[in-house]
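Asker: Start from chain X and add chains Y and E according to the hints.
Protein chains in written order, with this note's numbering: chain X, 202 to 577; chain Y, 227 to 535; chain E, 1102 to 1451.
Hint data in this document are derived by calculation from the structure and do not stem from the laboratory. Treat each hint with caution, since some may be false.
Unchecked claim - Across the chosen pairs, the derived CB separations fall in these ranges: (1) A1318(E) to S420(X): 47 to 55 Å; (2) G1426(E) to E354(X): 50 to 58 Å; (3) I543(X) to A1318(E): 35 to 43 Å; (4) V546(X) to I1358(E): 47 to 55 Å; (5) L210(X) to I1358(E): 15 to 23 Å; (6) I1240(E) to I543(X): 45 to 53 Å.
From the three backbone atoms N, C-alpha and C, an ideal C-beta is built for every residue, glycine too.
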Amino acid sequence: MTVFKAILLHFWKYKYLILIFLTAFFTFAFGFSQNSGGQTYESEQLDLKVIDQSRSEISRGFVDYLSADNTVEVMNDSTELDALEEDIFLGITDGIIQIPSDLEARLSSSSPAVEIISDQRGMVHLQLENIVNRYFTFVDAGRTTSGTVNIEEMNTLLADGISVEMHESVDVASQNNFVYMSAFINFAGYWIMLFLLIIVGNVMSEFNTTELRQRIDVSPMQTRALMLQMITAQAIIGLFVVCFMFFGGILLRSDELEGVPLGKMFIALILITSFTLAIHYVIGAMTTNKFIINGLANFLAIGMAFLSGIMIPLELMGEAAQSIAQYLPLYHFTQIYAEPDITWVDSGFSILIVVLYTISFLIIGMILENKRKIAS
Amino acid sequence: MIRMENVVKRYNELIALDHFSFSATEGEIIGLLGPNGCGKTTAINCMLSLLTFDKGEIEIFGQEVHPNNNAVKGRIGIVPQELAIFEKLNVYENIDFYCGLYVSDRKARKALVEEAIDFVDLAKYRKFVPKKLSGGLKRRLNIACGIAHKPSLLFMDEPTVAVDAQSRNFILEGIRKMKAQGTTIIYTTHYLEEAEQLCDRMVIMDSGRNIAQGTVHELQNSISTQERIEVGLITDDNTIEAQLEELPHVVKVTRRNGNHLIHFEKQENNLPNLIKFIESRNLTYTELSSERSTLSDIFLELTGKELRD
Amino acid sequence: MMILRMIKYLIIINFKDFGYWFWTLCYPLLLCGLFTMSTPNMSSTEIEDIDVGIEPGHPVAEVFESMDFIALAELSESEAVERMKDGDMAGYIHGENELLVTETGVNQTIIESILDEIKHVSASGIPYQNFDYDREYIIPNSQDAQPETILFYALISMISIYGMFSAIEFISTMQPNLSLMGARFSASPFSKWKFLFSSVASSLLLNIFSNTVVLIAIAILYQMAIFTELWPTLLLIFTANLTGIGIGLFIGLIPGINANIKTVIAVILMIALSSLAGLIGPIIKAVISENMPWLNTVNPLARLTDTMYRINFLGNYNDYWTTIGILALYALLFFGVTFFVLRRKQYDSI
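For reference, chain X alone in the conformation it holds in the complex (with noise of 0.2 Å):
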């Protein structure tokens, strides 16, 4: 057991670096479990900056109309436009309007009555003009009907929609559940593979030594006890590591784990670790050079990361990252548990694809292994 004890001991040295990125890791997820959904259909709701010189009834009644179904904030006409542009551009934002003085003038001579700053390219700059134009419209037809218009009256009847029915077989709150911890699998998914191919790397490359390595294989030690004792002191760790995320993540949401295929999701881990051990071991077979471990580890992590969906939807990619995915392991360590009540039958592929990847990391790690050791 001293080879196993020794690496354990080499992790120990490295306990600060290791309660960092655990600690950066929740704070992350604390950070994005704080904004998670309800439990029934709601309205996508804009979210607008509105500039009202106007200081009109009409004006008035126009943000009360649009702040019923939406996010609406009223800036001061001292507001700088550039800082809201901004937000457009951020997509914090979703629109801005700006309401003239000359409001009134403008509904009586037929001149388009306010200005709005949105995106152009997409639906929700359709769905802006939509409801703005439904307000004017209806304060034009009803001057027309009866030359005056009761704003009050008119809101209470904007406000009244129609209902929108969910189908009896979605369940909303779970599928938010099931939205927000996948999120969280994905990014742990990510955190473990940059936490172990960084810190298993650095400690291994010290364990691997050529003066090192020499003097365990000219002591009477197995070369399979030491491995078989390698193996399992990184695999406790590797354990740790995804029981701490896993269980953390399962505190943190308590209360609403309903509808997430937590068992999926825990294999899941599970496989991403020993896929990670599997490429570290390919990589400490070919080399102890620790820039270009931590090189290939940030850079291995945040590929695969970026490629298979966890930092921006796949969805979002373009059709050249969307097909190289499909060959990532990390794509089919998502799919694992992409769809609430996936059954272990469609989980089936997905993690044997990557048990396959990790079955030949690790042959070609062992080939890598043994030409190194025929060099030596």
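Answerer: Same frame as chain X, now just chains Y and E:
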């Protein structure tokens, strides 16, 4: 050239230098000897004005040591025990880099670097990076980096540690050459025979103190130790050992490799007395040698400790 | 001349280092390639027809058919549910203008909104002909949302402060209590300030060189037009380079830990600052702008990222000089601290 007077250096509770005094004159090689942790490196660092000290005075070239005294610094060279060379620079570049800290004139520097390369016989390896050099060659490079600017005062901290015999001889020969050129050298080492061969004077340190100094001979004479004479006598007389013990100032007689080893109290006439004894009894001897105290003996005598503790 | 020679050697030492090539050149270029591959569709969510299912013979079919962004299909509820679950249909209209959905989204909200309007028109009691649907009430202006560009600007910000790694290396090398070489420098007549100046100059030259290569690669290799305002952007990057070197010097001064751990600290700091500036995706940026806007002010990388897209994409120079000022202030602060700490010439222990 160097005067260190009652220097005290404390690290919290630990006294690294305890009223340490020593001096060196131009062209001398001074051996600074003592076990690990006795304060040799601290003393050197204080002389180099890298370390502050609590009490005492240090003068080099007649000037007080001060971090801003660049005139003094410019005349000093250092060869640290561990390799202080850049892994990414080749032999020539490493020497040029360090020489450039002292010599700004390009032509002069180039000549000095070439001279240093020849001095340590690394001409064949001038384009090699340290990684490609053997341990001994790296040591030579380390030395070249310290001496290229031709310092008047050179500190060498264990320059021959982990060096093969060939390189060591080469280095020692180089040090003698530098001495011949008038360089003063402060030399620390664990190899006593090296110190005995090389150094004009030695300073023996223990627990931050200067416990003895002088030439080897002076040191041997300064301590009240015993003198041993080994003699191989051809005789059947069984009482010869008892007779030897009767000689004046003999402490004891033991046997070594079939010979008699006679331990005398330190005296001028021990050898003549013994020869007289042999002649008076018509004895034939096969071997006769007087053993003088080694530095190890001296150190043991002075401190009760082995030098390599 | 001695300074120039020192700069030359410091540059050679770094240049021959694998770490320098990997981290300052290969890594950003690889990341850039990754971003280019993964972001092209991100903001080009073009208006596509919304697939709507409707009960056969339903009265509102006519209204929906008249809309050019709706693709209407008559079908049964069970068929519609199946298609909705496959993601091929947004909603199903049936009964008394009821909408059946299987998920929440913009498309569902648009259908809901149209049905709302039909309900409002009939409930208002206003004759239908009084509604003028041809009238333009809006002056539309477009501001493209391009959150993905944040990734690139955050990346450029990150590489702008890479100089901190060589600064850490140099400052650790020059301190006698941290390195053997430091002891040798201190014992030589070469002044500390000349060495500090040479370190800063070589870090700056090295990093500006690698920055230039990356920027040229972004422009030529990846065909990205993210610099419409080249010179002002370069001034920003230059100032950020100084800030990065300042941070590196500051980290390098931390006593009691070796250069390797300092590099780890710098890596963590850099990843944290650049992630918060938007390197791991624009969402984090939105979360911070919403909840902790002060973090964007104090994070030099966020300042740099924001100002770069502001001047290049939004033509907004409002905070340009403030950002330059803040970055320069950081640099001055760290240089000042370094100057102050290094004034000490001797050490109590080495």
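Asker: Take the C-beta atom of A1318(E) and the C-beta atom of S420(X), compute their distance, and say whether it sits inside 47 to 55 Å.
Answerer: For A1318(E) and S420(X) the Cβ distance comes to about 50 Å; the hint holds.
Asker: So does I543(X) sit 35 to 43 Å from A1318(E), Cβ to Cβ?
Answerer: Since the Cβ atoms of I543(X) and A1318(E) sit about 42 Å apart, the hinted range of 35 to 43 Å holds.
Asker: So the hint says 45 to 53 Å: do the beta-carbon atoms of I1240(E) and I543(X) match that?
Answerer: holds, 49 Å
Asker: Can you tell me whether the CB distance of V546(X) to I1358(E) sits inside 47 to 55 Å?
Answerer: holds, 53 Å
Asker: If I claimed the Cβ atoms of G1426(E) and E354(X) lie 50 to 58 Å apart, would that claim hold in this structure?
Answerer: holds, 54 Å
Asker: L210(X) and I1358(E), beta-carbon distance inside 15 to 23 Å?
Answerer: holds, 21 Å
Every hint, counting from the list given before, is met by this structure.
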